[in-house]
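One line per chain: the protein sequences are X and E, in this order.
Sequential numbering from 48 applies to the first sequence in this note's numbering.
Sequential numbering from 7 applies to the second sequence in this note's numbering.
Honestly, I wouldn't trust all of these hints.
Derived SDA-like pairs (lysine to any residue); straight-line CA-CA distance at most 20 Å [to be verified]: (1) Lys-407(E) / Leu-82(X); (2) Lys-407(E) / Arg-80(X); (3) Lys-387(E) / Leu-103(X); (4) Lys-407(E) / Thr-263(E).
FYI, nobody ran anything at the bench for these hints, they're computed from the structure.
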Amino acid sequence: MILARDQIERLAALASLEVGEEDAGRLGHELARILDFVRELDTAVTDDIEPLTHPLELSQSLRSDCVGEPVDRDRFQRDAPQTEAGYYLVPRVIE
Amino acid sequence: MKPRGVPVLLEGAKSRPQAILSHYRERIRTFNSRINAFITVLAEGEADRMPHAGGGILGGLPIAHKDIFVTRDVRTTCGSRMLADFVPPYDAAVVERLAHAGCTLLGKTNMDEFAMGSSNETSYFGPVRNPWDLERVPGGSSGGSAAAVAAGLAPVATGTDTGGSIRQPAALCGITGFKPTYGRVSRFGMIAFASSLDQAGILARSAEDVAWTLRAMAGHDPRDSTSVARPVPDYVEALGQGVRGRRIGVLENCFDTGLDPQVGERIRDALRVLERLGATLCDVRLPHLSLSVPAYYVLAPAECSSNLARYDGVRFGYRAPGARDLADLYRRSRSEGFGLEVQRRILTGTYVLSHGYYDAYYLKAQRVRRLIREDFLRAFKTVDILAGPTTPTPAFRLGEKTEDPLTMYLNDIYTIGVNLAGLPALSTPAGLVDGLPVGLQLIGGDFEEALILAAAHAFQGATEWHRLEPPGFEDSES
Numbered sequence: 048m049i050l051a052r053d054q055i056e057r058l059a060a061l062a063s064l065e066v067g068e069e070d071a072g073r074l075g076h077e078l079a080r081i082l083d084f085v086r087e088l089d090t091a092v093t094d095d096i097e098p099l100t101h102p103l104e105l106s107q108s109l110r111s112d113c114v115g116e117p118v119d120r121d122r123f124q125r126d127a128p129q130t131e132a133g134y135y136l137v138p139r140v141i142e
Numbered sequence: 007m008k009p010r011g012v013p014v015l016l017e018g019a020k021s022r023p024q025a026i027l028s029h030y031r032e033r034i035r036t037f038n039s040r041i042n043a044f045i046t047v048l049a050e051g052e053a054d055r056m057p058h059a060g061g062g063i064l065g066g067l068p069i070a071h072k073d074i075f076v077t078r079d080v081r082t083t084c085g086s087r088m089l090a091d092f093v094p095p096y097d098a099a100v101v102e103r104l105a106h107a108g109c110t111l112l113g114k115t116n117m118d119e120f121a122m123g124s125s126n127e128t129s130y131f132g133p134v135r136n137p138w139d140l141e142r143v144p145g146g147s148s149g150g151s152a153a154a155v156a157a158g159l160a161p162v163a164t165g166t167d168t169g170g171s172i173r174q175p176a177a178l179c180g181i182t183g184f185k186p187t188y189g190r191v192s193r194f195g196m197i198a199f200a201s202s203l204d205q206a207g208i209l210a211r212s213a214e215d216v217a218w219t220l221r222a223m224a225g226h227d228p229r230d231s232t233s234v235a236r237p238v239p240d241y242v243e244a245l246g247q248g249v250r251g252r253r254i255g256v257l258e259n260c261f262d263t264g265l266d267p268q269v270g271e272r273i274r275d276a277l278r279v280l281e282r283l284g285a286t287l288c289d290v291r292l293p294h295l296s297l298s299v300p301a302y303y304v305l306a307p308a309e310c311s312s313n314l315a316r317y318d319g320v321r322f323g324y325r326a327p328g329a330r331d332l333a334d335l336y337r338r339s340r341s342e343g344f345g346l347e348v349q350r351r352i353l354t355g356t357y358v359l360s361h362g363y364y365d366a367y368y369l370k371a372q373r374v375r376r377l378i379r380e381d382f383l384r385a386f387k388t389v390d391i392l393a394g395p396t397t398p399t400p401a402f403r404l405g406e407k408t409e410d411p412l413t414m415y416l417n418d419i420y421t422i423g424v425n426l427a428g429l430p431a432l433s434t435p436a437g438l439v440d441g442l443p444v445g446l447q448l449i450g451g452d453f454e455e456a457l458i459l460a461a462a463h464a465f466q467g468a469t470e471w472h473r474l475e476p477p478g479f480e481d482s483e484s
């Protein structure tokens with residue numbers, strides 16, 4: 048099995064990644080090997096087995112609805128690549 | 007002089023905390039360039055920002071944190087270009103708890119990018135070298151933490167373990183590595199890779215040092231809804247329980263194929279030591295254990311592809327210059343910010359979660375995950391501890407396994423099942439093969455941390471392997 052270039056491109060689009068032409072061939076090959084390898088899972092009989100999403104069977108805990116730590120926008124935006132007047136700047140979306 | 011344990015350091019720190027801190031800072035200055043264990047080293051004064059430095063149950067203990075734990079006002083990279091300049095506005099729960107206990111931060115340790123790797127070769131900041139042989143890998147992903155402790159640059163370091171990332175590097179570097187039960191330690195502020203598998207733990211020289219540190223680290227945290235509200239036992243006090251009367255199941259699956267015969271011999275020797283100490287041994291086979299690696303390489307990439315969607319070049323992290331539009335900004339920031347292995351896993355995860363493949367891959371892997379956990383639970387009805395090798399071979403050479411992702415993935419063959427099942431496990435030094443350390447893995451049932459720490463402590467009381475220091479890195483200071 049090998050993943051064709053258009054399949055890799057579709058995956059990359061879904062994952063918001065840019066895959067160059069030379070990388071597409073290699074990744075198609077590598078992903079195909081990984082996917083072949085994990086097909087070993089088919090050897091297990093799992094007809095009546097519930098999927099396990101989490102190692103501990105936990106229920107979601109609730110917290111009381113009270114004011115916690117304040118949001119320090121200026122401090123948070125110090126890590127942002129580009130901001131202006133408290134907003135995060137991105138390239139123009141609407142022409 | 008043999009390396010000093012945490013109790014000795016704490017005693018010394020009462021009268022001369024600065025001397026102890028200076029000792030480790032000096033060793034980092036001397037040795038770090040040889041092994042590249044630290045990404046960021048804190049300057050004198052920077053560490054003193056810790057609110058409770060000096061006081062608390064670990065007062066004056068220097069510590070290194072894996073660079074996956076966010077540290078307020080100290081750069082946190084996760085081994086990635088994506089976060090190369092990220093200075094978090096808050097401390098991870100683990101960082102906060104250990105600071106409150108009195109630990110002083112030495113610096114942030116190198117790691118595989120976003121903890122994805124078993125050799126520390128995927129780090130944007132260059133590979134870490136194994137102090138036992140500088141041409142070999144330290145293991146990963148907590149390779150910097152393991153190498154730092156092994157080389158005596160820190161007495162204790164934190165790590166995270168998603169598929170073996172504490173135990174495997176601990177084994178390859180000849181130290182003790184401990185992964186608690188899933189939920190035992192808060193994941194708040196620990197940069198997420200695969201949330202249902204990630205767990206914070208400790209790399210140290212001995213089980214005793216782990217127990218001292220874990221006591222301060224463990225416990226419920228309302229900010230992590232998967233952290234468990236159960237009392238934290240006194241792990242230090244429990245060390246004295248020993249291993250007498252314990253039933254140890256030897257994981258025969260691990261001795262089947264792929265195990266270096268010399269590693270196998272060391273593990274059999276170690277098991278005989280445990281038997282001499284009063285444990286009884288029996289053979290155990292877990293029927294679905296061989297499916298751990300395939301199940302993991304569906305589930306971990308799936309969770310990673312979702313968790314890493316947040317890196318978009320907008321709010322924090324790397325932003326590619328000159329993007330045409332918003333979609334182009336996302337794509338290019340992610341492609342330039344993430345390394346190859348991270349992108350490979352995101353794509354694998356995207357594939358197994360995509361329409362038409364979800365049932366065949368993702369749901370199937372989750373069903374197999376239940377079978378694997380049930381195998382373990384069944385075994386723990388008749389034994390107290392499961393034991394076997396931590397890794398199939400000692401440390402391999404840099405570059406030896408980077409060409410083929412699958413070969414690299416198979417390094418974690420003995421450690422991954424534990425993460426899928428959520429169990430606590432430890433790796434202790436158990437001998438040398440051709441001058442390279444070998445690790446014995448001890449696995450416990452849910453929340454049986456104290457039991458395996460006591461077993462490892464008894465083993466370390468009867469052996470000297472954990473006291474060995476890599477040649478050239480001996481810590482002679484008394």
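Each hint, compared with the structure:
At roughly 19 Å between alpha-carbon atoms, Lys-407(E) and Leu-82(X) fall within 20 Å of each other, so this suggested pair holds. For the hint linking Lys-407(E) to Arg-80(X), the alpha-carbon distance of about 15 Å falls within 20 Å, and the restraint holds. For the hint pairing Lys-387(E) with Leu-103(X), the CA-to-CA distance comes to about 18 Å; that is within 20 Å, so the pair holds. Restraint check: the Cα-Cα separation between Lys-407(E) and Thr-263(E) comes to about 19 Å, which is no more than 20 Å; the hinted pair holds.
In terms of the numbered hints stated before, the structure departs from none.
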